[in-house]
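Chemist: Could you build the full structure based on these sequences and the hints that come with them?
Chains H and D supply the protein sequences, listed in that same order.
Under the UniProt record's numbering, the letters of the first sequence match residues 1 to 206, in that order.
Under the UniProt record's numbering, the letters of the second sequence match residues 1 to 206, in that order.
Just so you know, these hints were derived from the structure itself, not from any lab.
Note that the structure is a prediction, hence the values are computed from the model and not measured.
Keep in mind that a hint or two might mislead.
Pair by pair, the computed Cβ-Cβ distance ranges are [to be verified]:
1. H:GLY137 with D:ALA107: 20 to 28 Å
2. H:GLY137 with D:GLY39: 21 to 29 Å
3. D:SER17 with H:THR130: 39 to 47 Å
4. H:GLY137 with D:ALA55: 40 to 48 Å
5. H:ALA15 with D:ARG193: 48 to 56 Å
6. H:ALA107 with D:GLU84: 37 to 45 Å
A virtual CB, placed ideally from N, CA and C, is assigned to each residue, including glycine.
There are 2 protein chains.
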Amino acid sequence: MGPVADPTATAPKQARSRVTRRHLLEAAVSCLAEHGWAGSTVSVVAERAGVSRGAAQHHFPTREDLFTAAVEYVAEERSTALRELFHAGPAARPAVVAALVDLYTGALFRAALQLWVAAGNEEQLRPRVTELEARVGRETHRIAVELLGADESVPGVRETVQGLLDMARGLGLANLLTDDEARRARVVAQWCRMLDATLPDPAGPA
Amino acid sequence: MGPVADPTATAPKQARSRVTRRHLLEAAVSCLAEHGWAGSTVSVVAERAGVSRGAAQHHFPTREDLFTAAVEYVAEERSTALRELFHAGPAARPAVVAALVDLYTGALFRAALQLWVAAGNEEQLRPRVTELEARVGRETHRIAVELLGADESVPGVRETVQGLLDMARGLGLANLLTDDEARRARVVAQWCRMLDATLPDPAGPA
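Modeler: Next comes the structure, spelled out in structure tokens:
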């Protein structure tokens with residue numbers, strides 16, 4: 001026998017490794033959202049994902065590696081899902097705005113917020129989270145421009161889209177401790193009307 | 001002698017007690033903003049305020065008492081300062097919006113955010129912070145309505161003001177890890193223009 005790898009076993013092994021990695025990332029985001037940075041360690045996530053601590057550390061050598069990778073992975077999944085949702089072409093403005101605002105009300109936003117706030121007080125975390133947030137922010141802005149059919153060469157349009165995403169982030173924060181859905185729906189409906197005056201709706205009036 | 005209080009000493013003693021209380025509250029907000037909930041204890045704050053731990057506990061029996069009182073106290077100070085700033089009558093719209101947004105970019109917002117995020121994971125803190133945030137939120141809304149000269153009997157006006165404060169909160173979050181001042185000024189200027197179409201500016205055009 002000896003240490004000769006079975007070539008037919010490589011592909012399934014890589015697939016298993018990818019599945020393990022995904023389980024770890026998803027467990028890390030849930031853990032961060034529920035317990036905050038202080039309660040989120042590699043061991044807790046490994047147990048939650050049903051993986052040994054050693055296997056978790058093989059994928060992510062440090063705690064910072066695991067949690068920044070987790071937030072990035074889930075953010076990418078959300079971006080892809082959002083693009084696919086409106087794949088068919090221009091959608092009604094209120095549906096697009098509602099979907100953008102929804103990016104900030106779930107477990108991903110909760111997890112990212114925990115990481116963000118912890119990074120303010122932890123030197124080791126700060127540069128990585130700053131860089132991650134800039135990357136995720138740029139990508140979210142790109143998607144918003146695309147889905148809103150916004151022409152950023154028109155003065156004020158870029159800032160309009162940015163302000164909308166800032167409002168969405170603020171609405172996410174307002175939803176952290178209480179269910180703010182009813183108020184949020186009214187605010188979003190009103191700001192959609194105000195948006196129409198600045199950004200012509202490519203799908204036309206609803 | 002015996003335990004008879006000197007009546008002339010009562011007034012200065014009360015004044016000293018008020019000063020100690022204020023020092024504790026201000027130290028608690030700075031501590032929360034810099035070190036987060038995990039790094040904020042009654043002992044740390046007492047030392048920072050130059051007060052004994054016993055004296056601090058005389059004013060605030062529990063950690064939750066101290067930090068929720070601190071955020072409330074500083075929020076009230078900010079509200080009073082904001083009202084006084086525009087005491088002379090209707091001010092130019094951009095100045096009012098900038099002052100409202102500024103509520104969310106300093107140490108008070110950082111401290112409140114730390115408390116808010118910690119409350120998501122701490123059962124003891126959650127009901128108190130939820131109640132505190134509702135009270136501070138209502139007061140901020142009242143000030144915004146007053147300073148913007150907004151007539152909430154007009155449909156959509158209430159939601160317009162709410163959305164503006166949600167955006168201000170989101171802008172505060174964007175400023176947490178990086179200095180976002182230049183971008184924020186552009187976003188605020190654009191959204192002021194959009195606001196003018198919905199809320200007539202009582203001070204007239206700038």
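Chemist: Between GLY137 (chain H) and GLY39 (chain D), does the C-beta distance stay in 21 to 29 Å?
Modeler: With a Cβ separation near 27 Å, GLY137 (chain H) and GLY39 (chain D) satisfy 21 to 29 Å, so the hint holds.
Chemist: Note whether the CB distance of GLY137 (chain H) and ALA107 (chain D) lies within 20 to 28 Å or breaks it.
Modeler: The hinted range 20 to 28 Å holds for GLY137 (chain H) and ALA107 (chain D), with Cβ atoms some 24 Å apart.
Chemist: Okay, SER17 (chain D) versus THR130 (chain H) on CB: inside 39 to 47 Å?
Modeler: About 43 Å separates the Cβ atoms of SER17 (chain D) and THR130 (chain H), which means 39 to 47 Å holds.
Chemist: Can you tell me whether the CB distance of ALA107 (chain H) to GLU84 (chain D) sits inside 37 to 45 Å?
Modeler: holds, 42 Å
Chemist: Given the hint of 48 to 56 Å, check if ALA15 (chain H) and ARG193 (chain D) actually sit that far apart at their C-beta atoms.
Modeler: Because 53 Å falls inside the window, the suggested range holds.
Chemist: Using the Cβ atoms, figure out if GLY137 (chain H) sits within 40 to 48 Å of ALA55 (chain D).
Modeler: Since the Cβ atoms of GLY137 (chain H) and ALA55 (chain D) sit about 45 Å apart, the hinted range of 40 to 48 Å holds.
Comparing the model with each earlier hint shows no violations; every hint is respected.
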